Every structure is written in C-alpha cells, then in structure tokens.
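*Asks:* First to last, the protein sequences are chains A and D. One point on numbering: in the working numbering, the residue at position 9 of the first sequence is 9, and numbering is uninterrupted. Each position in the second sequence, counted from 1, maps to that position plus 1000 in the working numbering.
I should point out that these hints are in silico values taken from the structure, not numbers from a laboratory. Please note that a few of the clues may not be correct.
As the list claims (entries may be wrong) - Here are the simulated lysine-lysine pairs, DSS-like style, with alpha carbons at most 30 Å apart:
hint: 1; chain 1: D; residue 1: Lys1079; chain 2: A; residue 2: Lys94
hint: 2; chain 1: A; residue 1: Lys94; chain 2: D; residue 2: Lys1113
hint: 3; chain 1: A; residue 1: Lys91; chain 2: D; residue 2: Lys1098
hint: 4; chain 1: A; residue 1: Lys94; chain 2: D; residue 2: Lys1213
hint: 5; chain 1: D; residue 1: Lys1006; chain 2: D; residue 2: Lys1098
hint: 6; chain 1: D; residue 1: Lys1137; chain 2: A; residue 2: Lys91
hint: 7; chain 1: D; residue 1: Lys1082; chain 2: D; residue 2: Lys1021
Keep in mind that this is a model prediction, so the values were computed, not measured.
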Amino acid sequence: MKKNIYEVGYRYHPGTVAWILHRLSGLALILYLVLHIWVIHNLDNPIGFNKVMGFLNEPLFKFLELGLWGVIVYHATNGLRIITVDFFTMKGAKFQKQMFWGAVAIGIVIFIAGAVPFVGHLVK
Amino acid sequence: MKVTFKIQRFNPENDTKPYFKEYTVETHSNAAVLDCLNDIRWHQDESLSFRRSCGHAICGSCAMNMNGKNGLACQTLIKDLKPGTVTVKPLPSFPIIKDLVVNLEKFYEKFNKITPYLINDGPVPQKERFQSPEQQKIIEESTTCILCASCTSSCPSFWADDDYLGPAALVKAFRYVFDTRDTAAEERLKVVNDKNGVFRCHTIFNCNEACPKDINITGHIAELKLALVTTKL
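Generate the whole structure from the sequences, applying the supplied hints.
*Replies:* Okay, structure coming up:
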C-alpha cells in the first residue's frame, strides 16, 4: 500500500506556547531532579560530597539555579492555570488566554521576588 | 482587488510529495475563500480538487487550513485574513487524497466509537421525550457541531497518536452523556475513560481556536474529565 501523505502544524497562539513551555519546563525539572538525587547520593562519603558541593558553588551553577527558579515558577503558575481549566471547565477554558497572561504576570512577580535574594547572595 | 492564493497541490498519480501553486483572483474583500477557490476551478485550473457543498457554513465539507488556521472556506472572508498571499492547505494530519481533499475515515471511526445516537430502552412515550429549557441549555452548544474535523486535525495529541478519540468525538460524547433523554451515559463514559480517551487532552486549546462554530471544545472536554473523576463507573 502507498504510504499516506500528510502534514502537521498549526499557527501558534497563547495556548500552544503555554503547552510547549509547560512540556519543556517539565523535562527540565526531571533533569534537575536526576542531578539533585545524584548530588544527594554522594552524602555517604563526606570527602566526595564536599568535592561535589565545591564544584556546584561555581558561578555557572549559581546562574543555572536562577534559571531553575524561573522554570519552577513558570511550571507552577501555568500548572495552576491548567488546574483552573480542569475545575472551572467552561469558564476556565473560555478565559484561558487571559489566564495565560495572568500566569505570566504573576510568575514574573514571584520570579523577581525570589531572584533578588539570589542575586544579593551572588554579589556578596 | 487582486488576491494571490498559494494552494497546496498533490496528485497521488503523478506527484511524490505536495507542492505549492500560485493563482491570482480578481475579487472583493467580502468574498469568501470558497468563492475564490470556485473561481480558480471554473476559470483557471479545473484540475484543482476540494470538497464543498452548502456554502453556508452548515455542512462542514469545505474545512481546510487557511493561513495556518483551520476553518470553513465558505465562512472565512478575505477581509478576515491577513492582507497578502493566502496560503491554503488541506486539513493537517489526515492522509491527502488529492489537493485539498483528505481521507476522513479515521475521524468517523472515532466518532462511531462513542455511539453518536440517542439510546433509551425505556417505553416509547406518546409525544416527544420531554426536556426542559434548562436541560437543553447544558447540551445546546455541543449540538451545534457540524463534524467538519477542523478541531481534530488541529490537535497535537491527535497528530502524535491517531488512536486518540479527538475533540470532535469527545464533544459528541458530551452531547449524549449530558442529554437527560439518553440512558447510556455510563457506557459512553467508559469509552471516554479509555487510555485513548479524554485524558489524552493536554489543554493545548488548538481545537477552540479552530472551531468555526465557536464551540468551547476544551471546556466540554474538561467537563467530561470532571464527570469521570466524580462518578463511579
């Protein structure tokens, strides 16, 4: 039989962007958790643990931590948006775009609130 | 005004893959895309294939992808589209039969899975099966679906796995599950609860964007999800 010819793709809108970012931030969090467990598993060996912690105190990781904070905040605020759609079904779905921008706005505020002590710590 | 159309062509007898062909049509801003496609077929290139029937946005035959958005060609006016070249493609994800005509077999297969007809084994009443205006209001929006397949073909969950029931079948499931005259809600909820059912919806909202009848599809699917987690099957 001849192979079916078809194409996929669709114009982006806030809903798609929210979904793609949610997926990517979810994957990033899984990656972080694996790393985190790997770091913790070094606890059985104090010298090894100190070595790993010394490595993780490099400025690069401080910067990545700030990124991790951003990823967590987005995943959480958009997650709340999805939960709102699930529980306020019709109304929730109707205002999904507004809720996306709301989630982004609240996310930015929370991100800055958390990032200030982060950066303060870095400068010290 | 002159409008240029970039239309995706594909003839399985001669072509190995789809290609684009441009046509220029003399038209006006209130014309529908379907009028222009008719113009092209009647006066420029009679080999162009597309489905159309009523021309009044109620049969759902002329659903296609215009400027990256699904919709009915008869309902989409030139003035509603971004000025410039109009790109017309067949509905995404369905196998192309020729040009803008796609094979909707999978779509109807999913539709049939949710038994899309009234099931009521109770005694047949003398008059109609009564329903109050309030009861009708619940299913009113979902009854306006015309099965044009715009939503299902726009759904990334359906692209990833065409075993997924898809938004159109789920809206129809909603229509019967919440119909007070119907008695087979439980059987339908079981179909919808399948691994290829309602929980494959990841609230991407492409279906809401696509629906030419402005049905709040994701809202209806969310309602089914809520019904599944709050009722015992």
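*Asks:* It remains to establish, for every hint, whether it holds in the given structure.
*Replies:* The hints, checked one at a time:
no., hint, in the structure
1, Lys1079/D <-> Lys94/A, "holds (25 Å)"
2, Lys94/A <-> Lys1113/D, "holds (28 Å)"
3, Lys91/A <-> Lys1098/D, "violated (40 Å)"
4, Lys94/A <-> Lys1213/D, "holds (14 Å)"
5, Lys1006/D <-> Lys1098/D, "holds (16 Å)"
6, Lys1137/D <-> Lys91/A, "holds (15 Å)"
7, Lys1082/D <-> Lys1021/D, "holds (19 Å)"
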